[in-house]
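Chains as they are written, first to last, in the numbering used here: chain A, 67 to 338; chain B, 67 to 338; chain C, 497 to 791; chain D, 497 to 791; chain E, 3 to 315.
None of these hints come from the bench; they were simulated from the model.
Since the structure is predicted, the reported quantities are computational estimates derived from the model, not experimental observations.
The C-beta atom is built at its ideal place from N, Cα and C for all residues, glycine as well.
Check before you lean on any hint, since a few could be wrong.
Pairwise CB distance ranges, derived in the manner of DEER restraints [as the list claims (entries may be wrong)]: (1) A:Y327 with C:R546: 51 to 59 Å; (2) B:Y327 with D:L779: 53 to 61 Å; (3) C:Q586 with E:D284: 40 to 48 Å; (4) E:P180 with C:A613: 53 to 61 Å; (5) E:A252 with C:A554: 54 to 62 Å.
Here is what each chain is made of, one letter per residue.
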Amino acid sequence: MTTTTPTPAPAATAKISVQEVSKTFPLRGEDFVALDRVSLDIADNEFVTVVGPSGCGKSTLMNVLAGLEEPTSGRALVDGKDVAGPGPDRGVIFQQYALFPWLTVRKNVEFGLKVAGLPAAERRERAEHFIRLVGLDQFADALPKMLSGGMKQRCAIARAYAVDPSILLMDEPFGALDALTRVTLQEQLLETWSREKRTVMFITHDVDEAVFLANRVVVMAARPGRIYDVVDVGLPYPRTEEVRLSPEFARLRNRVWHSVYHQTPALNAQEG
Amino acid sequence: MTTTTPTPAPAATAKISVQEVSKTFPLRGEDFVALDRVSLDIADNEFVTVVGPSGCGKSTLMNVLAGLEEPTSGRALVDGKDVAGPGPDRGVIFQQYALFPWLTVRKNVEFGLKVAGLPAAERRERAEHFIRLVGLDQFADALPKMLSGGMKQRCAIARAYAVDPSILLMDEPFGALDALTRVTLQEQLLETWSREKRTVMFITHDVDEAVFLANRVVVMAARPGRIYDVVDVGLPYPRTEEVRLSPEFARLRNRVWHSVYHQTPALNAQEG
Amino acid sequence: MTASTPRLARNGPPPGAPAAAAAGPRSGRDTGAAGQPGPGRPTRRRPPARTLLLVLNACSIVAGVAIWWILSLNGFQFPTPPEVVEKAVQLGRDGLLRQDVLASLGRVLTGFLLGSAAAIPVGFLMGWYTVARGLFEPWIQFFRTIPPLALLPLVLVLMGIGELPKVFVIFLAAFLACVISTYQGVVSVDRTLINAARVLGAKDGTIFVRVVVPASTPFILVGMRVGLGSAWATLVAAELLAAQVGLGYRMQQAQLYYDLATIFVGIILIGVLGLVMDRLLLLAESRLTGWQERR
Amino acid sequence: MTASTPRLARNGPPPGAPAAAAAGPRSGRDTGAAGQPGPGRPTRRRPPARTLLLVLNACSIVAGVAIWWILSLNGFQFPTPPEVVEKAVQLGRDGLLRQDVLASLGRVLTGFLLGSAAAIPVGFLMGWYTVARGLFEPWIQFFRTIPPLALLPLVLVLMGIGELPKVFVIFLAAFLACVISTYQGVVSVDRTLINAARVLGAKDGTIFVRVVVPASTPFILVGMRVGLGSAWATLVAAELLAAQVGLGYRMQQAQLYYDLATIFVGIILIGVLGLVMDRLLLLAESRLTGWQERR
Amino acid sequence: STDSGAASGDDGPVAVDFGYIPDFNGTSLLAIAEDQGLWEKHGVEVTTSSFTNGPLQIQALGTGDLDFGYIGPGAFWLPASGQAKIVAMNTLGQADRVVGQPGNEAMEDLRGKTVAVPEGTSGDMILTLALRDAGMTRDDIEVVPMEPAAIVAALSSGQVDGAGLWYPALATVKEQVPDLVEIAENSDFEDEIAFPTAFVAGNDVVANEQEKVDRVIAALREAITYRAANMDETIELTAEFNDLDPADVAADAANVQVLTLEELDALTEDGSVDTWLTGMVDYFVDAGQLSDPVEPGEFYTADQFLSAGQGAR
Ligand SMILES: Nc1ncnc2c1ncn2[C@@H]1O[C@H](COP(=O)(O)OP(=O)(O)OP(=O)(O)O)[C@@H](O)[C@H]1O
Ligand SMILES: Nc1ncnc2c1ncn2[C@@H]1O[C@H](COP(=O)(O)OP(=O)(O)OP(=O)(O)O)[C@@H](O)[C@H]1O
Ligand SMILES: [Mg+2]
Ligand SMILES: [Mg+2]
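With the hints as constraints, model all of the structure from the sequences given.
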């Protein structure tokens, strides 16, 4: 699947195709390799989770797909076309939330809908729905500075969901949430995903979460940032509490855990 | 333990004493009650973890103790004295990191040492040590904007550790870290704590983490924010992998989980 | 400046957070109990700080007037405050004052509003597009260093002696002061917010209106405050160009006769009008930047 | 302004992030391949954008000079560019120019540096302490609206006719422009950073030097840029006070003799010197604010 | 309304833009003409614009924004250098002085001392003349160029030893420094030079709009007659025209030598005016403001002034 010649998208059916993407940042005069020839295809309607140690390049990879960072070399394709910048087809939830501090929760959620030109009534209704979904109804008119960390994160989730993108790029979206809220939102996400056919790339540092949600878990390694392992999760959907307690889940969980924490350093195992 | 008359610190030995603290914020013209008559004593050298649903007032409580928010009513005492503002005796790790963006990792970590007037050589050495501790040695000269989310968090941890405060107030300090880094830092924290006699208040949304680290787990409830339950953890230190797998751990874990997720709403159960 | 003085009251947006927030108004009312809140004591909000501010403003103004009075009694040939007041009353009775104030206010307001309004999009274009920046910047910098007096001949040649050149000189002063600030605001906007808008589908125009402008409001308001000052300070130069009425004109005329009282009336009126407009801007600011973390 | 035009090059700190970051320099060199990076194609860094900027600056200046030339040939009584150059050469040969430039540069630099240096602590005091704000603000606002010309007699009485009053007038202009901006910068500092410093044990003084100043650098630099413009623009007024030498003095004298060529030499020199100093400030800025997320 | 004006054609009133300086010299004739209906009488519709100096008016004449303007003696070199034409003489200034702080009785006493002067004004002129009279040059004193307002402050506070300035500014100084010494005044130089004020017109106006110039001069001539005869009313009218205190205007007028129309005509006819102008041209050439001497006839339209007078009668 990894080709070195830049021919147009070899996997024609891939919704997202990352081809030999490298990304370096200047650091103390040298080039720091944040991504080293990463290749990965994500099929339409696939749910891929990405795990890996802190600083291994997960966010960088997501930014490349979002069109916010340009790869130093290699190509990133969405729907067979080179990523030429961000667009509302790819919803993004940022690790640092990036709420507009001067807008209330409601207006933050409505932002994308306003850009898309939805009429006010419809906008309001949609926003209302997603605000309720993340449990912020009481704070719909609060400014971000009045929200707790977890509430900010939920607001960012509602904002991304509201524009109804076909691809969701989520960077540790449930990281600041307590376990119960997290489980609720996990279930909602899976439910929406399976009903509305979305393609999801979901970064997390919670191995359980990664296995529980995904069709495939991508394990990344650091220094240089690269794909170390890809674990296919054969578990059936819907993923119930039962699935979570199944031995197969435990096996996969251990497999991923192993991949993450017993990486032979700098092994060049591109299995994407 | 909860007294309604504001007599001076009833529990004279308590390192930290929160007495009937309420905190309201103005929200859409009304008063939003973020903390409702919270009372809590933390003994010297105690390790208390705080769990609770998103937005239940954990960060607000911590800010009151740090001297960054003034309670609307009630008192917060540290060492028997009213909290009159922040000070280097109480190290704080903020939920949103709050790194100085214009300083390198090293300079961020050295900040508190510089304020304390340490000579340059000693400063550098101490900073070096804590940067290594959190695994940022390669990034000592990088600016915060060049760090990943987890790296920023680790930098904030190193900065707080470096000033060697007798009280540590930590707001979801390991929230953005992958499981392995998290476990390492948990062990380090416990090790330092038991060796150097610190008092720790540690907010987390990970129930396992809360039980694994604490002498006592404080469970908070939302709307209004209040203490719902306090669970004494009788497990021995050092907390090993063995402890984590013990049935007692599982029992406590379930107990806390239950307290958090099966709260009878608005039940006024101040057991703090 | 090096140590926190507990006696010093703090401003509304207090950097020292709660203890300080409380310290401000309280020590202002001399309870001096900063950071030692008694139990159950309710926090009082803004008004005291605002009152304190007004009281201090008043003190400061009284002190200033006193210094002036003392100077004028000590051999300096200033008119004394009563003389100036008398002159103001006299001019007011003649209806001149009203006429002058209206004429000058009209010019300053027009020039200032047009200047600020132009500065915001130009600042944006300069911040975002190298082409715009490359083309505009040398001239903006260039004209900023030229005293308005030196521009008068040029303006006269190009625009004659009607209202246009007067408003233009003021416009230019306000625009040049504001555009630098807006430009800096535009380039200082946090990139993550722009990225957030982009991934929600926003294009440059929308980002400008909905992200860049709100995010750089503090800068734009600095620009407007500075521009407002420049606009008033340029008034006298503008009214050198064949004005028949206006505060600047009245002051020049008075200068021909060494009528210092009238000059003082003019200076004080200009100062007061400038101050009032500045307060209005500040009011707008506190409305517009209430979302900032600092409050 | 409403749609992203791919042909428009972007500035260094590109809001459109990578695609745009690449678009800037590239479309500037007319490859027009914005956002369509070929595989393996290495990104090129800043220099092209900087070169483009210089080219555009040059174009803009050439165009400005051309307009001037055309105007001067079309009946406006300006001297033509060659006449001005000739005059400059002549003045340069006499040694007058060097003398004037040195005198004026000395005054402007001294006044500007002192003004900016004073504005930063005063802005901080005003931002943090209600007392300071209440006392200073009315006067700062008041003096900002007064044209420097009107201040001359007062300054003369208080400071005589030496270098001091000249430098003081310039100092005042720079100070008043800079202090507003610094004040705004101080009150806009993110509270979480101040909290972070406090919990690390920092007191007001330390917080000012180590947190407030760096965090408000963008504002302080706006203030300094605006103050620099004001300083130069006030030069002519300052040199009305018994100057024997200096660009402003030279221009006034030329005005008496209707020697437009010399006036133009003065204007252009002031503009160019201002521009050079502004570039130096910008250079300082890019050093000092490199930590911002925007880059 | 134009039937009594001999100069008026049948083509209705002509529009005229007139610049002035709001002091007695600059305004009195305009105030009279307006009050007495002289403009209508001569078929001109005047729009007046106030300026604070001559050079800006001269420039506005050049751009066509003004047709006529008023200048003081310090700006006479501008018409002399071809920027405009003088169309009528107005008054003779007697307000200029060289003053010294108490103890400085003569120019010699100012040697090596600081003397403030507003460059390019009549104050500058009288200082230069006084220096020349005393056999000194500018290098013998320390000349400090300053704004008039600054000079008042400098003199009052003793920052300078002397100055070339004028009344009523000096009156303000005298309040602080009663013993201020007047070292030289206009009348000291009567024989060599005068300090006239004048009305000017744009070169194009003089060349192409004879009719307009004629009507305006005619009106000014009548106003000159009125002014000489009714000084008190003139002061009142001037004060009213400029919204000024009549007392201020009276103080201003006290230092002005007002000429009757007959005197003006006679001085023009017998060449006295040409002598003044030649003296001024020489002065300006000396001072470097003019590169070459010019004949007064080149920039003063004496004939037209006189003929407009004839036509009006
Ligand atoms: N602008 C930059 N300049 C230099 N280095 C950078 C920059 N941005 C990211 N990096 C580096 O790239 C590496 C990958 O960062 P990235 O944010 O992708 O990590 P991550 O996998 O998301 O980590 P985390 O789980 O902690 O968020 C890090 O080592 C980081 O230091
Ligand atoms: N400045 C403010 N204005 C209004 N409401 C506020 C303000 N600050 C906090 N709150 C409210 O107080 C409540 C408690 O906030 P807090 O940050 O303490 O929650 P938390 O327990 O830390 O939550 P999380 O786990 O999500 O961080 C929230 O509902 C929040 O909306
Ligand atoms: Mg990340
Ligand atoms: Mg929190």
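(request) Kindly indicate which numbered hints from before are broken by the structure, ordering the numbers from low to high. (result) 5
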